[in-house]
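Using the sequences and the hints, build the whole thing.
Residue numbers (our numbering), protein chains in the order written: chain U, 400 to 691; chain D, 400 to 691; chain L, 400 to 691; chain F, 400 to 691; chain X, 400 to 691; chain W, 400 to 691; chain S, 400 to 691.
Be aware that a few hints might be false.
To be verified - With beta-carbon atoms standing in for the labels, derived distance ranges:
| # | chain 1 | residue 1 | chain 2 | residue 2 | range |
| --- | --- | --- | --- | --- | --- |
| 1 | L | 424 | F | 410 | 50 to 56 angstroms |
| 2 | S | 652 | D | 553 | 29 to 35 angstroms |
| 3 | D | 597 | U | 483 | 56 to 62 angstroms |
| 4 | W | 543 | S | 486 | 48 to 54 angstroms |
| 5 | F | 471 | X | 478 | 25 to 31 angstroms |
| 6 | W | 439 | F | 582 | 35 to 41 angstroms |
| 7 | X | 482 | S | 474 | 32 to 38 angstroms |
| 8 | L | 678 | D | 678 | 21 to 27 angstroms |
Simulated from the structure, these hints should not be mistaken for lab results. C-beta: ideal position from N, C-alpha, C; glycine also.
Residue-level listing of the chains:
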Amino acid sequence: MDLSAWVSTADLIAIAVVIVVTLVSRFLLVRLVRTLTKRALERARQRRKTGGNRAEQLLTAMTFGNQERYEQRTATMGSISSSLISITLSVIGILTILGILGVPLAPLLTSAGVGGIALAFGAQSLVKDFLSGMFMLLEDQYGVGDIIDTGEVKGTVEEVGLRVTRLRDPSGTVWYVRNGEILRLGNQSQGWSTAIIDVPVAYDEDPGRVITVLEAVSREAEEAEDLAEVLLERPTVVGVNAVSATTMTIRLIGKTLPNQHWQVQRWLLEHSLSALAKAGVRSPAPLGILPG
Amino acid sequence: MDLSAWVSTADLIAIAVVIVVTLVSRFLLVRLVRTLTKRALERARQRRKTGGNRAEQLLTAMTFGNQERYEQRTATMGSISSSLISITLSVIGILTILGILGVPLAPLLTSAGVGGIALAFGAQSLVKDFLSGMFMLLEDQYGVGDIIDTGEVKGTVEEVGLRVTRLRDPSGTVWYVRNGEILRLGNQSQGWSTAIIDVPVAYDEDPGRVITVLEAVSREAEEAEDLAEVLLERPTVVGVNAVSATTMTIRLIGKTLPNQHWQVQRWLLEHSLSALAKAGVRSPAPLGILPG
Amino acid sequence: MDLSAWVSTADLIAIAVVIVVTLVSRFLLVRLVRTLTKRALERARQRRKTGGNRAEQLLTAMTFGNQERYEQRTATMGSISSSLISITLSVIGILTILGILGVPLAPLLTSAGVGGIALAFGAQSLVKDFLSGMFMLLEDQYGVGDIIDTGEVKGTVEEVGLRVTRLRDPSGTVWYVRNGEILRLGNQSQGWSTAIIDVPVAYDEDPGRVITVLEAVSREAEEAEDLAEVLLERPTVVGVNAVSATTMTIRLIGKTLPNQHWQVQRWLLEHSLSALAKAGVRSPAPLGILPG
Amino acid sequence: MDLSAWVSTADLIAIAVVIVVTLVSRFLLVRLVRTLTKRALERARQRRKTGGNRAEQLLTAMTFGNQERYEQRTATMGSISSSLISITLSVIGILTILGILGVPLAPLLTSAGVGGIALAFGAQSLVKDFLSGMFMLLEDQYGVGDIIDTGEVKGTVEEVGLRVTRLRDPSGTVWYVRNGEILRLGNQSQGWSTAIIDVPVAYDEDPGRVITVLEAVSREAEEAEDLAEVLLERPTVVGVNAVSATTMTIRLIGKTLPNQHWQVQRWLLEHSLSALAKAGVRSPAPLGILPG
Amino acid sequence: MDLSAWVSTADLIAIAVVIVVTLVSRFLLVRLVRTLTKRALERARQRRKTGGNRAEQLLTAMTFGNQERYEQRTATMGSISSSLISITLSVIGILTILGILGVPLAPLLTSAGVGGIALAFGAQSLVKDFLSGMFMLLEDQYGVGDIIDTGEVKGTVEEVGLRVTRLRDPSGTVWYVRNGEILRLGNQSQGWSTAIIDVPVAYDEDPGRVITVLEAVSREAEEAEDLAEVLLERPTVVGVNAVSATTMTIRLIGKTLPNQHWQVQRWLLEHSLSALAKAGVRSPAPLGILPG
Amino acid sequence: MDLSAWVSTADLIAIAVVIVVTLVSRFLLVRLVRTLTKRALERARQRRKTGGNRAEQLLTAMTFGNQERYEQRTATMGSISSSLISITLSVIGILTILGILGVPLAPLLTSAGVGGIALAFGAQSLVKDFLSGMFMLLEDQYGVGDIIDTGEVKGTVEEVGLRVTRLRDPSGTVWYVRNGEILRLGNQSQGWSTAIIDVPVAYDEDPGRVITVLEAVSREAEEAEDLAEVLLERPTVVGVNAVSATTMTIRLIGKTLPNQHWQVQRWLLEHSLSALAKAGVRSPAPLGILPG
Amino acid sequence: MDLSAWVSTADLIAIAVVIVVTLVSRFLLVRLVRTLTKRALERARQRRKTGGNRAEQLLTAMTFGNQERYEQRTATMGSISSSLISITLSVIGILTILGILGVPLAPLLTSAGVGGIALAFGAQSLVKDFLSGMFMLLEDQYGVGDIIDTGEVKGTVEEVGLRVTRLRDPSGTVWYVRNGEILRLGNQSQGWSTAIIDVPVAYDEDPGRVITVLEAVSREAEEAEDLAEVLLERPTVVGVNAVSATTMTIRLIGKTLPNQHWQVQRWLLEHSLSALAKAGVRSPAPLGILPG
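Structure, rendered in structure tokens:
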């Protein structure tokens, strides 16, 4: 027996060619993918800047001017894609060399196929997580520090991963959310927030008088020092929002900086109640009209 | 060893033929698809114009007269379809050339098959998102600026993507909704909105008298200056809508411009309450009839 | 090298035969399918006319006498089926010709197979939508102008598509519902509607006396001019429907023209309340029996 | 070139044999399946007659004595099964003949396979609907005119189809329910219905006295003329069914003809309230004990 | 052409061998499966008898001593399994004979394969129903006459089928439940039932005094004649079960014969209320303490 | 024709070798698997003993010291695994022998493949049930007599099966729960239980005084004879747990033996109410403060 | 017959080569995977340390400084991966040797394929559990002793397994949660917890005065000895959080050590109520304003 019966010179040359082709195509593909990724990210960034009306553009510019975040995302995408290309090309290269050497690949591939199907069924949610993660990264849906709403869990993003996203919710719990489980994602840090205040008063109060009182509160809010840095415009008293058997509800609406609406809502609620009490507007408590 | 043992002249000619055929068929297919896409979009646009009754046609014409939006959609569809055709034909062309060169494709394709199945399971929601997006674009279901209802999330469309649609909800949060997750889509900007007002009064008030009071309010609304630009017709007092143990509810209905019903509802609610109070109609509060 | 080494005369004749066979079978299949479709639609139409009792037949005839709608449906089905047949036969014909020419189809078909599986997973809801649409059309479940209930969304049909159905709900929103998502479909325009009125009175009123009062209202409704065109028969006072701790509920039921029950319900509710008040029947309000 | 190079005499004989075999086996299979179907339907019918106790047998016999319905079902099943057998045998026959003629079936079948998988995914709910329909027909779960409960939709069956069942619900809406979506089916027309009446009285009434009053009402119901044709037996006062903070609930139960329980319930409720009022039993209203 | 060119003597002998082998193996397999089925059923029966504590054994023995039911189940399983074996072996035998005769099976099997996949997707819930039915039969989970709980539907079993189970619910409706949809099954006829009675009294009553009164009722129940045949042991007053703002709830628990707990609960509730009223324990009604 | 043309001596020897190899490998595999199973079970048992803190170890040791249960589980696993190995090796052996004999296996295997896919879809929940059962047994999640919580159904385990688990719930119903449907399993018999008592008092009571009263009750509980065997430690008064418009809720927490917390909760509730009443603490009933 | 006809010398050498290659590649792969695992774990650990702001880093460092836990995880991952590699390489090696020996692998692999598909469908949730477990371990989402929230079940981790995670919930029940069922995971031990206290007072109280009182309580809390070790900062009175018909709710928020917020909440609630009572702030009870 002689090794040359196993590996001929022609085979050796063929193997060398395969190796070279694999390396070259790896190099070219990585370059190509990096360029495409960069362009996609750049486009996502441009699109963000020009969408919406002027007010939104102002706020958006504020949020997306972050050059550092852009570069970090480019780097992440680049390293992932070159890893994927390397692995895929290596597997194909090795299989081709084995084929040239006359190794019987059929049993290997068939058993891998059976195992692959078994695995594919179980791994489908894993693949889904990674694919969702890649697209969310490419589309720049959120970044570290944004306050997002993933449906069940809401909180501040601490880490953007390919498989899971790490959040910290307002109560301090750290959440690991699988990206494929995020069917729709709300980002509360891209734009503004809306403060909505519903003030309940007695059913039979005069709506006009209550609205006048609340409009005074709204003017006061515009000038209040402690709201100056969070309130984007004077709150509007939109009118009687609902009427139930005992209660008439007046609604105020105001735009604030992202995630600052809680503060504004509490300020308006406190001052509205005080002002209404001063003006003698009655509460909707059913027995509040008993002999006073 | 000699390269001519690898690649014969006949093979070279065959390869050239494959390349030419690929390029020509790419060119023809792109043209064909572009024409078909244009025709489909044009038809969707025509159909929209002639559907519904006259009033709807008026409103629809107003919304769909947007030539710019039509052209933008045509461009998007064209660039997507030519990309898809180029990629598909390139893959087939390369595989055919490799086959002519005698490269053993079996291991490559088998492993791709196994990996493909694994990927297919995980990527099915991705493919679903893209297909849904393409059809929603083709059918012109919504455009940038429309207020839509995707089931869980409602808001103004900021960007129509193939995979995700970007919305901004009324509270200012930006939502990324995957197109495949939109089972049914409601577009509130194609037509009109309906203002529905339910006025609760005491169970034992005379329904006829309450209806008379509210019809006066309705006439007043028709002539009110601040509603002139949003109210499409005089609101109708449809009658007693429900009766519970303590409360009789009278309903008013009115057509408004798209998404302007909130304003009309609040106006009607405020004025109805004032008018009823003036007319001495009692509230449904259980103890409201206590010694006054 | 010579082209005749590529394509022999026998091959050319074979190709010609394939083309002729494809065209002939396309022609025959289209005819066959059109005839079958026509017959299925005709049968669905006949079946509709003879089902149900006499009263339903009357109403159904009214709805289905629409010759125009029948022809439109036939045309739609015919054009769809001939498109499908043309595409399928073309693909098979081209593959056969390529096979005769000795083009290596294996790589092409295998890669299409892998891609096909990947696509099939993602496109399954698309195929489902189209299949559901075709069957709903064949079975004539609804037409433009019908008021239907698709589970989540209810409204008037504006367009019957193969993939989506376009509805307009009562509040004016346009809905695009995917046909495959409609698990059960309710058509409110094929038949009549039922007005159901529940009148609450005090727990300890005499049920017989209340029923007498309401039966007078029911007779009045039969003769009322404003209900003459919508009420199909005199409403029935079916009796005491429920009793809770404080309330006895009497129910009235009446048949009306399709979707006209709201109007009848409101008329009956208003007149019932007036009549009961006149008759001195007390309301179920817990404190209504306090010293007045 | 000569046709005999394409089709030899042996081939022609083989084709003739295939055609004869196909036709004969079609004839035999249709006969076999018809016999089996008949036997299955007959068995389902027998089983129905002998199940349950005597009272049920009486009612069941009444419902299933319908010879006409039985024959109609047999006819439907027979025509469906012979269609299916014809189509399947034709496809196999044609494929075999093409194979004998040397037509390259591989590309045809492979592409059909890929398309078949894509279609299979989308069509699975369609196949499921048909299979469910066939089994529901074979098991004679319901027929035209029965009142059934399909989970979401309840009503009278208007048409039993293989893919969808057409119902009309009590409010007049026509429902098309896909058979595969019916996970469990309740048939209210095979047997009897139960009237359940819950009478609320004050927490501190004497249960024994209330029961005595209600038992008198129950005896009265047995003798009432307007219930004579629907009430199967004297209603039973089963006792105190529940006690809450203010209310004691006494339950009556009675068997009626199918779907006639509403009428009986209302009769009993009305007469119970009258009788209790006469006997001075107090209502559970919290303030009912205030000085009157 | 000569038939002997089609079928040689060797082939005829081979066919005969195949037929004999098929018949013999059918006979042996049927015997084997019948023996195994019998043993499995016998084991299930034994296991049932020896499980649980002594009291349960008593009740279980009572329920499972039914020799007739055991034999019926054995017969059902036997006939099903021999049908399945016959069909499977026939198909294999016919395919083998066709193979010997040189019939080209590939197109037949391939098309069957494509159709099989399409069918398999649609039929999976059918197969699931049958498999679930077989296992439920083998494990003897319930029999005709048992009261079972299938999740959505509860009632008395009227027929145990392989695909569906027929139930009759307490209101008289017949339910057809697909076996594969029963994720968990509760059998209320294998053992005992528990009567649970919650008696609400005023928040500020003395718990000790209330418990003493209820313990007297419990002793009374043990000696009551109308409960003698259903009550398995004296009910226990377990104590104060819950306290809300106005109500203290005392719980009694007692074991009864299967499905007889409603009767016991009503007896205890009625007598508890009477006894508490006699002892002057106040109800939890908030205004029950107003001046009477 | 001669049988030797069918089976050569070499074939006979080959068959003998196959049989011997099959038997030997069956013997070796069974041994191997038994050893591995034993080791896994032993490890699960060890891990259980050393987990948690000291108090838990005490309780755990008490529960898991059961040598009998361990041996029974080992026996079950052993018999299952040897059955599986025997069946698998027999099938492979028979197929190999048939292959040696020249039986055409292709049609057999292909048809088995098509049928196998159809079956696999339907049987997937069956396989899932068995796999879940095997792992739950291996991990020793519960045993006969444990009180477990399977999500929908809670009760005492009566039989641990590979496909279903048999439970008896507190009301006496026997439940058959499929193992694959148990997504998470709670075992209440491995450790302790926690008694949680919420005592509602009037909003404006002094929290400090109420806590003092309840701490006296807690000390009393520690010394009470009827709790001596179930209470693991003195209950803690953790403080004011919640405040609503009318009610302040004080919470007590205490550790008890597994499933004995109901008894402790009722004892504490009863004594707390008595003690608070004695101390003059008012109830949260809204009208409890009316003139007494 | 001669064994050398079965196994040639070349075959023996080939087998030896296969064995050597298998062993060497096993050794190399195990090393490689161990190194990669270590690096991934190390990176996860680093990332944790540098994420978030300074306060979080402090807390995180405290939690993740656990060297022992890190090493244990590395060991677990290493042993799992080397097991997997050994099994996979053994299977491939054996198949290759059998192939060299000329054993017909086709029937074996085909039957394994069919069985594999049947198994794959059933085992997919098993594979999913293991894959999820591996990734959760790699990403160091939680460790023994952490308090985690798996959606349905919350509690302290007792054992981190590859298939299931063992938890003990606060009531003492042990839960076995399958890793694949954990869609999102909340870890309450990585960071801090937030105490949120809502104090309800009467609608018409002066919000300013109530806030002043609560701020005094907040200062008190900062200095309280029993909170010194759990409270991270002085609680903030954020203002009026909500207003209903009868109630105004003031909210306090404070950061605490992980899972210590219950204690802080109860302390604040108790002291707030006392302070408000002292200050004469009225409760929101509807009748609390009646003449006392």
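Hint by hint, where does the structure go against what was stated? Just the numbers, ascending. Checked against the structure, the hints that fail are numbers 1, 4 and 7, while the rest are satisfied.
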